[in-house]
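Undergrad: Start from the sequences and build out the full structure, keeping to the hints where you can.
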Amino acid sequence: MAYGSTIKIPFGPQHPALKEPTNFLFEVDGEVVVDVKPRLGYNHRGVEKAFEYRTYVQNIYLAERICGICSDAHTTNYTQAIEELLDLDVPMRAKYIRVIIAELERIHSHALWVGMAAHEIGFDTLFMYIWRDRETVLDLFEMISGNRIHYAMNTIGGVRRDISEVMVTEIMKGLDFLEKRLEYYTEVVKTDKTISRRTSYIGVLKPEDAVDLCAVGPTLRASGIANDVRMDDPYAVYDEIPFTIVTHESCDVLGRVIVRCEEMLESGKIIRYALKNMPEGEIRVKAPTAVPQGEVVSRVEAPRGELIHYVKSNGTGKPHRYKVRSPTLANIPALCKMLLGGYVADIPIVLAGIDPCFSCMDRMVFVDVRTNEKKIWTMQQLRGKEIRN
Amino acid sequence: MNLLKWARTKSPWIIHFNTGGCNGCDIELVAALTPRFDLERFGILLKGSPRHADMLVVTGPITLQVKNRLVRIYDQMPEPKNVVAVGTCATSGAPFQECYNVQGGIDTVLPVDVYVAGCPPKPEAIIDAIVKLIQKKDGEGDEEGK
Amino acid sequence: MEITSLLNILIFPGIIFLLALAFFYEWVDRKTFARFQNRYGPLHTGIHGVLQPIADFFKLLAKEDITPSASDKLTFLLAPIFYFALPLATMFLVPISSQTSLIAFEGDLIFVIFAFTMMIITVFLAGWSSVNRFSTIGSMRAILQMIGYEIPMVLVMASPAMAAKSLSISRIVEWQSLHLWLVLLQPIGFAILLVCLLAELQVVPFDAPEAETEIVAGWKTEFSGRKLALFQLGRDLKLVLASALITSLYLGGAHSLLLIPPIIIFLAKTALTVVLLSFLRAAFARFRIDQVVSGIWKYLLPLATLQVILIQFGFGR
Amino acid sequence: MKKENEIVESLKGFLKENLIKVTIQRERRIFAHIKSDALRDSISYLVRKLDVKHLSTITAIDLDGEIELIYHLTYKGSTTISIRITLSKKDLKASTITDLIPGAVLYEREVHDLFGIEFEGHPDLSRLMLPEEWPEDVYPMRKEYGIEQLREMVSKKQS
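Residue numbers (our numbering), protein chains in the order written: chain A, 1 to 389; chain B, 390 to 535; chain C, 536 to 852; chain D, 853 to 1011.
Just to be clear, a hint being listed does not mean it is correct.
[Unchecked claim] Here are the simulated EDC-like cross-link-like pairs (lysine to aspartate or glutamate), alpha carbons at most 16 angstroms apart as the crow flies:
(1) D:Lys941 with D:Asp989
(2) B:Lys470 with C:Asp600
(3) B:Lys456 with B:Asp496
(4) D:Lys942 with D:Asp989
(5) A:Lys312 with D:Glu920
(6) D:Lys855 with A:Asp232
(7) B:Lys456 with D:Glu984
(8) D:Lys854 with D:Glu879
(9) D:Lys941 with D:Glu996
(10) D:Lys928 with A:Asp232
(11) A:Lys312 with A:Glu52
(12) B:Lys526 with B:Asp502
(13) D:Lys928 with A:Glu208
(14) D:Lys995 with A:Glu52
(15) B:Lys511 with A:Asp139
(16) B:Lys511 with A:Glu135
(17) A:Lys206 with A:Glu249
(18) A:Lys269 with A:Glu179
(19) A:Lys312 with D:Asp914
(20) D:Lys995 with B:Glu487
(21) A:Lys318 with B:Glu487
(22) B:Lys456 with D:Glu985
(23) B:Lys511 with A:Glu142
(24) B:Lys470 with C:Glu599
(25) A:Lys206 with A:Asp252
(26) A:Lys180 with A:Asp133
(27) D:Lys928 with D:Asp903
(28) D:Lys1008 with D:Glu984
(29) A:Lys312 with D:Asp916
(30) A:Lys269 with A:Asp239
It should be emphasised that the hints constitute simulated quantities derived from the structure, not laboratory data.
TA: In C-alpha cells:
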C-alpha cells in the first residue's frame, strides 16, 4: 500500500457478503474505514413507471415482486391503499389472515437474516441450523398458499385463500417447534463469546443520530426508540391484538440481532392469538375495477421497518402515480454513519446489520451526513472529525 | 479422458450473481446450500471469486447498470464455464417487462446453458437444473436436456 | 541410496502415501464439518463421497490457468509450487511407519518450525504478487496473524523437546513410549499447540486472511486452474502435517502396540486429531485480525511461558 | 381526532395566508397544501415546535403543466402530515431541507434524478440510481416520456 494514502476497496456489485448487487466503494486507511460511497442503482428496474402502465389488478403481482423476502408486506400495503380509495370494508376474517401471513413472513425474514448475519461473521454452523428450522415456516407457507416465497395471498377486497381448521392445527404444531428452537438460538446469540466479540460495540448508532437520520424498524428499535407502525398507526387488526414492541438499548449490531430474535418470538404470540380469535365469515368482497379519483398514503411495518406506499388515482383503471419507499432506503444514511471509523473486517456485519434489501430499495445513493451541528459536512470534513475523536 | 470428464462433472463450483432481481431466487439458491437440500452432496461449492468457479448462476433481469459488470464477471471466469439462468426474470425478465431500466433475460448478454423456470424456482428445481447441466456436459444428457 | 529407502521415500511412507492421506483427510474434514452442521457433505463421488477431493483436484488441473497481466509472473508461478512442496518435505521428518522417521537428525524440530514460517511467507508472496486489492489485504493479514501465533507455537513445540532433552521428533516419540504421553504431562502445551495450528491452517476462528465474506477469497483470489489445485493440495498436506505433528509431539506418535503395526496407530491418532480440528472449525465464528493478534499475545503467550517454566521445575518431565 | 385538530390549528396559526388548503382525510392522515416559498419555515416550525423529526419520503407527481412535491412527515410515528407544494414546469426550483432533516438527502436526490427538480443548497446532487450511460436531462418518470421512447433513447445512447 502506498505510504500514508488510503486504498479504495470495491465491495460489490458481486461480493459474497452481499446477496444483492450493490456497490459500496470504501476508502480504507489500513484497516479503518474512512469514507463510504454507496453506488446503488444496480437493482433499479423502474418499477414505479411500470405501475402506471398496468391495471390495478395486474399491479398486485408487480407489487409482490418488488422484494422476495418481504413480498407480503408490499401486497398488504398495496391492497390496503386501493381498498381505502374504494372505501371497501374488508371482512374481519380476511384482516386476521393478513396479520397471520404478515407475522409468519416476519419470522421467516428475521430467521433468514440472523442466519445471514452469522454467515457474515463466519459462524456457518448457526447459519445452517437456523436456516434448517426456517424451512418449517416455508412449509407452512407452502401449505397455506402453495408457494414458498411469493404467496399471492392478498387481493383487492380481501384474501384469496382461507386457513381451514386442519391448517390451524398444523400452524400451531409448527409454531411450537419453532418457538422452542428460536428460544435456543436467542440464548446462543446472547451468550456465545465469539458472536459477542464480533458484534458488540460494532456499528454503533446513537439514539439521536437514529432519529435525525430517520432510521426505521429494528435498526431504530435497537437504539432504544420504541416506534413501530403496528402499534402507532395500526392497520388490519393490529389494534385488537395485544403485543409489545421489542427494543434494546445497546445501539450496536448485537442489539439488532437480539431485537430481531425477540421479535420472532413476539410474532409467534401474535399468530397464536390471531388463530384463536379469528372470526368465521367469508374472506373476500367483490371489488369494482374502476377506482374513483383520490390519493392515499398507506403504511405497513415490514420486517425491515416502516414501508410507505402512496397512490394517486385519476378515476381510470390505472393509477396516475404510485410511489414506494422501502425501509432499507431509510436506513442507508444511518448505515453510512455506522460504517465510518469501523474496521474493514466489520463492514459485512455492519452492512448486514440493517438487513439491507436492495431490491426493494434501490433508488438511492448517499454520500453526506450531518452530524449534530447545523453545518452540512462534506466527506473530507467528516473524515477529519471521525479520525480525531 | 473419462477421468477428466468424471472430475469435471463431480465437482462443479458455482458463483452466484444477482443482476437486480427481487432476491426471491437468491434466497432459494442459498436455501439449497442448507441442511435440508445440501448442494455439497453433489460436490457443488459456492465460491467467492470468479477465478475459482465453473458455473455462473445468475438471478434477476439485467438492469442496464449491471450489464457490463455481469459481462466482466463472466470474462474473469476460467474456461470450461457455463451459465445457469435461475428464475423467470433471468430467463426473460418477465415481471419487469415494461420497466425502462430492465433489459430482459440473461441470454441477451451471455450464452446460457440451462434455464430454470419458476418465480422463484424451488431449491429442488435449482439442484435438478445443475444436475441436468452436469449430465449435458457428460454427453449422456437425455433428449430434452438442451 | 539403497533401493528400499528409495522405495520408502517414493511409495510407502513417502510421497504417494502422503498424497493419498492428504486427500483422505480432506474428505474426513469436510464430512465431519458437514455432519456438525447437520448435513451430509460430499456424497455422490465414490462411496460416501470419498473421491470428492480427488475429483476437485483433477477438475482444477484441467481448468484454464489465468495469470493476471499486472501480476509479478515469477512469484505468481512459484508460490503454489512452494506452498505444495514445503509441507510434503516436512512430512518426511515425522515418524509414520516406525518410531524413527525417514530422515531423522538432531534438530529436525527446528526445521519443522522453519518450514511453518516459510509457508506463511509463501502465502504472503502469493497474495502480494497477484496485484489485487483483496489479495493485498489478505496477505497482510496472513503476516499479521503469523506474528501473533509464531512465538507461542515455538515455545509450545520446544517444551516436549525440553522434556525429552532432544530436538529430534523421533527421539521425542521414543521418549514418550517410555514415559507417559506428553498430553498428560503438559496439557497447556497441547491446548496452545492446537490453537496455533488452527491459526497456521487459516481455519475458521483464524481465517481472516481468506475470509470469504469480507475479502472475496483473500490471498487466493487471483489463482485459478493448476495453481489453485496446488494450493488446495498444499492445504490438505498442511492439515496432515499439523495432525501428524500433534500426534508425534503430544499423543505418543507412531509406536507398535501389542502387535498392531505403528502405521495403524499413527493413522488412528491423526484421524482423531483431524476430527478434533474440524470440530473446532465448526464451533467458532471468525475473529477479527486485531482480535486474533491481541488475543494470542494477551492469553497464549503467558500460558506458553508458564508451560516452559513448569518444565524447568520438573512438572512436565 | 383530537390530536389531528390540534396539529391543524397550530399549523393554521403559524402559516396563516401561506396555508392554501388543509384537510383531515381520516384518523392519523392530514394533507396540507402550502405555498412553495413557505416550505422551509413550515418544515422548521414542524421540526422545532411539534417535534416532527421523521420524514418518511418525498413524492413527486407530474400533473401536466406543473410538478407537485409532497413531503410525508410523521408526528410521533403515528399521524402522517403530508405537506404539498406545486412547482410550475418552467422553473423547477425548490429549496433543500437537508439541514433541517438530514435524512431527506436521499429523497431529494431521487426526485432530482427522476423528475429533474433542482434543490438549491443540496450538498451533492450527482447522479443517483440511473445507470451511467443514461442520457443527460432525460427524466424517466415524467409523463411526456413513454416506456418505448425511453428504451430506444437509451439504446441510441449506448450504440
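Undergrad: Are the Cα positions of Lys206 of chain A and Glu249 of chain A separated by 16 angstroms at most?
TA: holds, 10 angstroms
Undergrad: Verify the proposed pairing of Lys206 of chain A with Asp252 of chain A, using a straight-line Cα cut of 16 angstroms.
TA: holds, 9 angstroms
Undergrad: Given the proposed pairing of Lys941 of chain D with Glu996 of chain D, does the C-alpha separation stay at or below 16 angstroms?
TA: Holds: Lys941 of chain D and Glu996 of chain D sit about 12 angstroms apart, inside 16 angstroms.
Undergrad: When you check the alpha-carbon spacing of Lys511 of chain B and Glu142 of chain A, does it fall within 16 angstroms?
TA: holds, 11 angstroms
Undergrad: When you check the alpha-carbon spacing of Lys928 of chain D and Asp232 of chain A, does it fall within 16 angstroms?
TA: holds, 8 angstroms
Undergrad: Is it true that the CA of Lys318 of chain A sits at most 16 angstroms from the CA of Glu487 of chain B?
TA: holds, 14 angstroms
Undergrad: For the pair supplied as a hint, Lys1008 of chain D and Glu984 of chain D, confirm whether the alpha-carbon distance does not exceed 16 angstroms.
TA: Status holds; Cα separation ~14 angstroms.
Undergrad: Assess, step by step, whether the Cα of Lys312 of chain A is no farther than 16 angstroms from the Cα of Asp916 of chain D, and give holds or violated.
TA: holds, 14 angstroms
Undergrad: Is the Cα-Cα distance between Lys456 of chain B and Glu985 of chain D 16 angstroms or less?
TA: It holds: about 11 angstroms lies between the C-alpha atoms, which stays within 16 angstroms.
Undergrad: When you check the alpha-carbon spacing of Lys180 of chain A and Asp133 of chain A, does it fall within 16 angstroms?
TA: holds, 10 angstroms
Undergrad: Is the hinted pair Lys995 of chain D and Glu52 of chain A satisfied, with a Cα-Cα distance of at most 16 angstroms?
TA: holds, 10 angstroms
Undergrad: Taken at face value, is the distance from the CA of Asp496 of chain B to the CA of Lys456 of chain B at most 16 angstroms?
TA: holds, 12 angstroms
The structure is consistent with each of the numbered hints, conforming to all of them.
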